Structures are given as structure tokens and as C-alpha cells.
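Sequence order for the protein chains is A and B. Each residue of the first sequence is one higher than the one before, counting from 0 in numbering that gives the first Met the number 0. Each residue of the second sequence is one higher than the one before, counting from 0 in numbering that gives the first Met the number 0.
Don't read these hints as lab results, they were simulated from the structure. None of the values given here were measured: they were computed from a predicted structure. A few of these clues could be false.
Unchecked claim - Simulated crosslink set (BS3-like; lysine-lysine; CA at most 25 Å straight-line):
id	chain 1	residue 1	chain 2	residue 2
1	A	Lys341	A	Lys310
2	B	Lys464	B	Lys136
3	A	Lys131	A	Lys42
4	B	Lys470	A	Lys121
5	B	Lys464	A	Lys121
6	B	Lys464	A	Lys5
7	B	Lys67	A	Lys231
8	A	Lys5	A	Lys112
9	B	Lys330	A	Lys42
10	A	Lys121	A	Lys131
11	B	Lys354	B	Lys405
12	B	Lys90	B	Lys219
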Amino acid sequence: MNAPIKQHLIDPEICIRCNTCEETCPVDAITHDANNYVVDVSKCNLCLNCIPPCPTGSIDNWRIVTSAYSLDDQYSWMELPAQEQIVVAGHNEAIDDDVQALIDSAHKGVGGKSVAPASAAKPSVNLFNREKPIVATVTGNYRLTHEDSDVDVHHIILDFGDTAFPVLEGQSIGIVAPGVDADGKPHRVRLYSIASPRHGERPNHNNLALTVKREPQGVCSNYVCDLKKGDKIEVTGPFGATFLMPNDPAANIIMICTGTGSAPFRAFTEWRRRSAPNAPGRMLLFFGARRPSDLPYFGPLQKVPNSLLGKHFAYSRIPGEKKVYVQDLMRVEQEELSRLLKSDMTHIYVCGLKGMEQGVDSALDDICRSVELKWHDMRDAMRAQGRYHVETY
Amino acid sequence: MTDTINVDYSTRIPNNVGLTEDRTVLRALEGWHPGYIDWWKDMGPEGFQEALVYLRTAVSVDPQGWAKFDYVKMPEYRWGVLLAPKEEGRKVNFGKHKGEPAFQEVPGEYRAMLRRLIVIQGDTEPASVEQQRHLGKTAPSLYDLRNLFQVNVEEGRHLWAMVYLLHKYFGRDGREEADELLRRRSGDADSPRMLGAFNEKTPDWLSFFMFTFFTDRDGKMQLESLAQSGFDPLSRSCRFMLTEEAHHMFVGETGVGRTIQRTCEAMKAAGIEDPFAIDKIRALGVIDLPTIQKKLNLHYSLTLDLFGAEISTNSANFYNAGLKGRFGETKIDDDHVLTNATYPVLKLIDGKIVKVDEPALTALNMRLRDDYSEDCAKGVERWNRIIQKEGVDFRLELPHVAFNRKIGEFRNVNVTPKGLILGDTDWAKVRDDYLPSSSDGEYLNSLMTGHFGVGEYAGWIAAPKVGIDNKPGDFEYVRIAA
Numbered sequence: 000m001n002a003p004i005k006q007h008l009i010d011p012e013i014c015i016r017c018n019t020c021e022e023t024c025p026v027d028a029i030t031h032d033a034n035n036y037v038v039d040v041s042k043c044n045l046c047l048n049c050i051p052p053c054p055t056g057s058i059d060n061w062r063i064v065t066s067a068y069s070l071d072d073q074y075s076w077m078e079l080p081a082q083e084q085i086v087v088a089g090h091n092e093a094i095d096d097d098v099q100a101l102i103d104s105a106h107k108g109v110g111g112k113s114v115a116p117a118s119a120a121k122p123s124v125n126l127f128n129r130e131k132p133i134v135a136t137v138t139g140n141y142r143l144t145h146e147d148s149d150v151d152v153h154h155i156i157l158d159f160g161d162t163a164f165p166v167l168e169g170q171s172i173g174i175v176a177p178g179v180d181a182d183g184k185p186h187r188v189r190l191y192s193i194a195s196p197r198h199g200e201r202p203n204h205n206n207l208a209l210t211v212k213r214e215p216q217g218v219c220s221n222y223v224c225d226l227k228k229g230d231k232i233e234v235t236g237p238f239g240a241t242f243l244m245p246n247d248p249a250a251n252i253i254m255i256c257t258g259t260g261s262a263p264f265r266a267f268t269e270w271r272r273r274s275a276p277n278a279p280g281r282m283l284l285f286f287g288a289r290r291p292s293d294l295p296y297f298g299p300l301q302k303v304p305n306s307l308l309g310k311h312f313a314y315s316r317i318p319g320e321k322k323v324y325v326q327d328l329m330r331v332e333q334e335e336l337s338r339l340l341k342s343d344m345t346h347i348y349v350c351g352l353k354g355m356e357q358g359v360d361s362a363l364d365d366i367c368r369s370v371e372l373k374w375h376d377m378r379d380a381m382r383a384q385g386r387y388h389v390e391t392y
Numbered sequence: 000m001t002d003t004i005n006v007d008y009s010t011r012i013p014n015n016v017g018l019t020e021d022r023t024v025l026r027a028l029e030g031w032h033p034g035y036i037d038w039w040k041d042m043g044p045e046g047f048q049e050a051l052v053y054l055r056t057a058v059s060v061d062p063q064g065w066a067k068f069d070y071v072k073m074p075e076y077r078w079g080v081l082l083a084p085k086e087e088g089r090k091v092n093f094g095k096h097k098g099e100p101a102f103q104e105v106p107g108e109y110r111a112m113l114r115r116l117i118v119i120q121g122d123t124e125p126a127s128v129e130q131q132r133h134l135g136k137t138a139p140s141l142y143d144l145r146n147l148f149q150v151n152v153e154e155g156r157h158l159w160a161m162v163y164l165l166h167k168y169f170g171r172d173g174r175e176e177a178d179e180l181l182r183r184r185s186g187d188a189d190s191p192r193m194l195g196a197f198n199e200k201t202p203d204w205l206s207f208f209m210f211t212f213f214t215d216r217d218g219k220m221q222l223e224s225l226a227q228s229g230f231d232p233l234s235r236s237c238r239f240m241l242t243e244e245a246h247h248m249f250v251g252e253t254g255v256g257r258t259i260q261r262t263c264e265a266m267k268a269a270g271i272e273d274p275f276a277i278d279k280i281r282a283l284g285v286i287d288l289p290t291i292q293k294k295l296n297l298h299y300s301l302t303l304d305l306f307g308a309e310i311s312t313n314s315a316n317f318y319n320a321g322l323k324g325r326f327g328e329t330k331i332d333d334d335h336v337l338t339n340a341t342y343p344v345l346k347l348i349d350g351k352i353v354k355v356d357e358p359a360l361t362a363l364n365m366r367l368r369d370d371y372s373e374d375c376a377k378g379v380e381r382w383n384r385i386i387q388k389e390g391v392d393f394r395l396e397l398p399h400v401a402f403n404r405k406i407g408e409f410r411n412v413n414v415t416p417k418g419l420i421l422g423d424t425d426w427a428k429v430r431d432d433y434l435p436s437s438s439d440g441e442y443l444n445s446l447m448t449g450h451f452g453v454g455e456y457a458g459w460i461a462a463p464k465v466g467i468d469n470k471p472g473d474f475e476y477v478r479i480a481a
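Next up, chain A with everything else stripped away, as it sits in the complex:
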């Protein structure tokens, strides 16, 4: 079977046949018959020149397909076909093999095939790749952790200028550090979760934020943490099509993280705060760090009202105090968690270091047992329904 590709298509229900796209296309990939305007997949080089001049928005449609729609297929349409379910295991989150491998590894802890929440928005994936990256401008780089902390986590804002780069909360972008490694080969791609909501770090700005921890030997993390305002950086993606938040405001969202695993949850929280501040669904955050000074977004998180987000911080290295991990706090909150677990509106997300998986799993097991639920059966069902997600590294 062929590897899936991203195909550019025009929505025949919205297109008014003004011919602007055909006129604009530099490689003559767009053509028409008496019925529809269509894009020739063998010619389209995804330059996106046709996107801004389209008066209707019909031009901005994409499908991930295993075999491309032919011109005749497209001529015959009265409306766009739905996104087909891509059945090739592990090929729906990204097209690049190296990126797919990273995502597969991150999602391994979910214990099966990841599925997006039913009410999640449809993500765009792989708009830009290593052959054709998008260039972003750094518009901000701030240290998030306390100056006394030996943990150096940065909040980095990237602006995409005039080029469309649509993302959803929970997706990642790829960054390749410039230069070559000791063997003279280009560095490998690194994925970073987006920490801002879909319409920008600032609403309606074409920008996004990352939460990046400096790793002592990390080529890419050092490169990113050292970026200065105004620097240009090549970015690929967006990637990820399952670790996404439900759009349904009635959905409950339980978020469990450590360290920079908080990035997607900052995005989730911010999107709900901006789009549905009075949503009936409950949001709960369990956030682990060694001490408060190591915890990214510690200050801003304190200001998020409890009505929007229930917050539970676990610290494992406060001198003279007992070590507390996220799973310990989950057990303390057993009553609320077990009530939420009984609802089929509840979604669980785990993000952070691989080491946290087991503790969280056994805490959920205990909590379920206390109310006569079987966690492992439930987990499989929740995963299949797109309500259980793990992204660890």
C-alpha cells in the first residue's frame, strides 16, 4: 500500500468558479470543467499561492489519502468526500517516517491504537516538512522557571507572518537544529508540543508558543532555548491527529502531567477559557514537579479560577517534606475522579516523562476498584472512543 499523502482539494459547494485560483497557480495544477474546479495532485507543489486570493475559502481544503482523488473523481463531486479513515497503522499523525516514529513512541503508553476524541476539530498535519519547512520568527523567549532553579524551562513564541500554519491544541511542531552531528549528518528532528490555543498565543495572531526544557546535552533544546527575539527558525508540521481536545463544552477533561508535559494542557485550558468559559464540562489538572520553583507557568496557573480548572500540584523534592507524586494527589481526589470516570463525557490525558505512566495507571486502577469499576477494561473502551490519551517521552 502507498504511504498516505496530503491532497489539496476545492470544496465544490462553496466554490463560485471565479477562476482566480487557476489564474494564480504558478504550476498550472488547477483546472476546471463545466462542473467543478479541481487540483491535479501530480502537479500541485503545495506552494499555497492560491489560498489568499480565493474569495470564498473553498480553496482551503485538505484530505489525507492513501490513493489520491483523480481529476475525474473531483469533477464528479457535488460536495467534498469525508476524510477517509486511514487504516495503515501508525500513519495518520504524520507523513514523515521519523516524525511518525517519535509519535508512535510517545503514544505507546496508551496501550493500543490512539483515536481522536469524537468532537475534536479536524487537524491539519504535515503542511510543512524538512524538504519544505516554514520559516517562523521568534517574537519572544522567556524563562519560565525561577531564577534559583537548576531547571531551565523556556516559553518561546514563534510567529508565522503571512503563511497559514493552522494548529490545534495537543499538536506538535518539528524543529531541526541547524548544522550537523559528529558523523556529519543533519541533526534529527525534535517534536515540541504547542502550548497555545488554535487561534494564537495572542488571539487571532498567526503565532504559537512552546514550552521547552534545556537538556544539558540536548542539541535542539539548547538551540531553541538560546533563540533571540527576531531570529528565524525553520519549522515542520503540524503533527499529531489524536492527542486533541474535545470541542464539546460538556466534555470533562482530566489532565495529568509533569514538567513540560504541561504544554498541551496550557493550550487546552486557554482554548476553553477563551471559547467556552462557562462550559459545563469539568477540567482537572494534576501537575507534578520537584518543587514550585521548577514548575513551568506556576505564577499564571495560580490565577486561573477554580471554576474553570481544578488544580492539584505535587512536589517531590521539598526539603523536609514527604515526596508527593501526581498519583498520590489523584488518590486524594478519589471521590471527584471516580464520579467523573463514570461519565462517558470524561476524557483523560497523560503527558510528561515515561516514568509517570505506571504510577498514574495504578492510581486509576485503585480509584476504579473503590467504586467497583474495572480500570483496564474501561481504559480500552475509553481509548477506542478517543477518551484516553498518553503522550510520554
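Please build the complex by placing chain B on the supplied structure of chain A, with the hints as guidance.
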């Protein structure tokens, strides 16, 4: 060297034609500018001049730069002179100069002809702004209000495009013509606009949508054939204008489409199957499909008159001279000279409508009109898809080209939308079945009330499927109280 892609904002008149180095033309345009602003304030959109409108402005003529969206007060919109990039080695592609290098200056022998072409095109641009100036206060939503204003400011820019050509290439005559463009007024008894359809009223929003669908589509056809021109500056002007014109047809097609959608939805919800149960349908506060058909009949027939007489030596002369081509000229597979070719034309002979082969050169208006009708028919078919999808048994159709004509072969006969010729008495009996009556107009007027709440739409029109610039449904497209 002049940067022909990016727009120079250092002069008062944004441009990509190197005005900073062309002081004579810059001064002439700066002299014309205050008169234009006065015209805009007098004859542009009534009210709302202080409102902040989410408009697109071109910052360059390449695909990335020509649609930048932001809030702007309309009188502060950066109207400018934008030409599509010059193609090196471009040739005259038709007529007796075919194969010669495209004219970069006005050929002396064609000066008067070319000026007339530019003035006629230029005159339509401010005319439509004048026709639509009262519509703001009855906008069905902020989204529609914004679309109206986008159309208006771009028609204003199209006037600038033509005025630039007049100032740059036609000296004193050009300057006088440019002043006249600001002096004529749509519908004025003493000094009307040059073409009939541009002196008609646009009394309601359905008329506005029909106008942008049908009459702006004539604009598209005219611009496209002028974009073929051997006079390169005119070609480049029109090519960029076409990109903007597409938005106007979008406003028309989706405006009518959304009206139809809402009518069908309301009929279904009320359990009305008969599309001709007009009183019952109107009681729902929506526009019945037969009335929409009548509006379509009116606007289509008025617009056909804009193509001029069926047989025209003017159009033959324009073509021969290489000044105005056919729609899609370079994509047509023939000799592009047409000396011996013929073209079938509908004519009135012995009281009958018959098809006659005429010399293709003098039938060029007809050919353009046929291309236009074909383009319209496709749009009407998309409206029919909406009706069909909603399960209502009704079809909209373009009337016969001889219906309701004031210019050309059929101006003195009464012809039904199906093409039957009627005597005056019979026509008087059925006229109101085919064209909007005064009671239809009163009903439409009763629906026309302003809806200015964020995300709010009048009851007779559906919300759009996609927002402008991908904005969400509750986007504040116009900040009225700015």
C-alpha cells in the same frame, strides 16, 4: 528601478507603478485625490463613514500580499494604483497587429478609441457605489455590511485604476475625462452615468445580491476581454482588477444562495411544500422563490443590455486594433483575426426570433454575451442545487435573451421568459408574473431592517458557511460605534 510587485506607500497614493519617479502623473493624481474623497463622502456609503470595517487591502500584487485584512475607516482606505506584474515580451494577441510587441504607449491612431474604452469602464465603477449607498442601514448582518463595504471600496479602487491610465497616457483630455467621472451621478436627470443599468436603483439587499451576481459578472467579462488588450498598461490594470472582482461575484452568488437556503428551510419547518403558496411563505418572513425568480429575470435582462447592440462595428474596430479581445482570447483555438469567420446571432426577422450567421467581427458583443450567459447559468445551477438539497420542487432559470430588453434587436417587442412574443395587451396581463411588481417591492422593503448585533442575521437570510478570512460566526466585522 521600479519595484512592480510591492506597493509603495511613501506617496499619498499607494502604487506599484513608480509614481515617486513620475512626478507629473503623481501631481495630477494628487490634484484629483481631494475631489475623489469629496465624492466618496457625498456619494459613498451613507452613514458608517466613521465605523471600523474589517477590510482587505492589497500590500502587493503577488498572491501573498494582496489580501491583508484589518479594521479601517472607509475614508482612510488606501486606494491606490495597482497593476499586475509586467510580462516581458508580451505581444498583441489578436487583430491586425497580432504578433507585434504589446503597446506600451497609446498608438496615436487609436487614441480616441482607447480613451473611450477606458472611460466607459471607469464610469461603471463609481456608479455602483452610488447605487448602493443607502443599503448600509438595512444590512441583514455585520457580515453582509462588511461585504457591501468591501465591494464599495474596491469599486472605488477600480475607478482609481482607470483614472491612472487617463492621467498617465491621455494628457489634458485624460484629466478632463477623469474629472467627469466624478461629476456624473447614477440616476441623475441631467448628468447620468453612461450605461443604463448603472442608473437603476438598488432598492433592497436582494437587488444588491442580484446586482453583484449579474452586473458585476458583466464587469468580469468586460475586464477579462480588456485584460487581453494589446495596450499593456490596460491589460495589467484589468488583470489585477479581476482578482478583486471575484469577491463581488462571491457576495452576489452566496447572498442569493443564502436567501434561497433560508426560504427553503423555513418552508420545510412550516410544512409548506408548494413553492407558489406565496402568502403562506411570506407570512414566515422569508422571500418566496417565485419572487426571487422575478428579481433574477430583471437583473439578468438589464445586464444583457450592457453588452450593447448585437451587431456592432465599434466592437469590430476595438478587436481589429488589438484593444479589446474576446473572453479567454489566448485560450481560443482559431486565427485570432476573424476576417472570414462567422458567429450565430439571434435576431428579430419578420416578427420571429431566428438565429442568423453574422461576420464574427461585428458579432463580438454577442459572443461575449453568450459567454456571459453560460457563466450565469452555472451559478443559477448552483442555486438550484440548494433548492434540490432542501427537497423543494422548484427550479430557477435564466429568461430568454430577448426578454425585457431595452437595447438591441429585441427592444421593441414583448417577449416572455420562455421566448414567446406577445402583443402589448397580453403582455400587460402577464408582466407582473415575470418582473417584480410594486407589491413585491413593498414586501421586500418590509423585510429590510438593519441587524447589527454580533453574529446576528435577519430572518430572511441564512448565515454563511465560512466566515471572511476564516473568522468565526460571532466575529465583529464592522465596529459601528468606533
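So, going through the hints one by one against the coordinates:
1. A:Lys341 / A:Lys310: holds, 21 Å
2. B:Lys464 / B:Lys136: holds, 24 Å
3. A:Lys131 / A:Lys42: Status holds; Cα separation ~16 Å.
4. B:Lys470 / A:Lys121: holds, 16 Å
5. B:Lys464 / A:Lys121: It holds: about 16 Å lies between the C-alpha atoms, which stays within 25 Å.
6. B:Lys464 / A:Lys5: Distance ~24 Å between Lys464 (chain B) and Lys5 (chain A) Cα, so the pair holds.
7. B:Lys67 / A:Lys231: Holds. Lys67 (chain B) to Lys231 (chain A) sits at ~22 Å (cutoff 25 Å).
8. A:Lys5 / A:Lys112: Holds, because 21 Å separates the two Cα atoms, which is no more than 25 Å.
9. B:Lys330 / A:Lys42: Answer holds: Lys330 (chain B) to Lys42 (chain A) is near 20 Å, not above 25 Å.
10. A:Lys121 / A:Lys131: holds, 23 Å
11. B:Lys354 / B:Lys405: Cα-Cα ~20 Å, so holds.
12. B:Lys90 / B:Lys219: Judged against 25 Å, a Cα distance of about 22 Å means the pair holds.
The earlier numbered hints are all upheld by this structure, with none contradicted.
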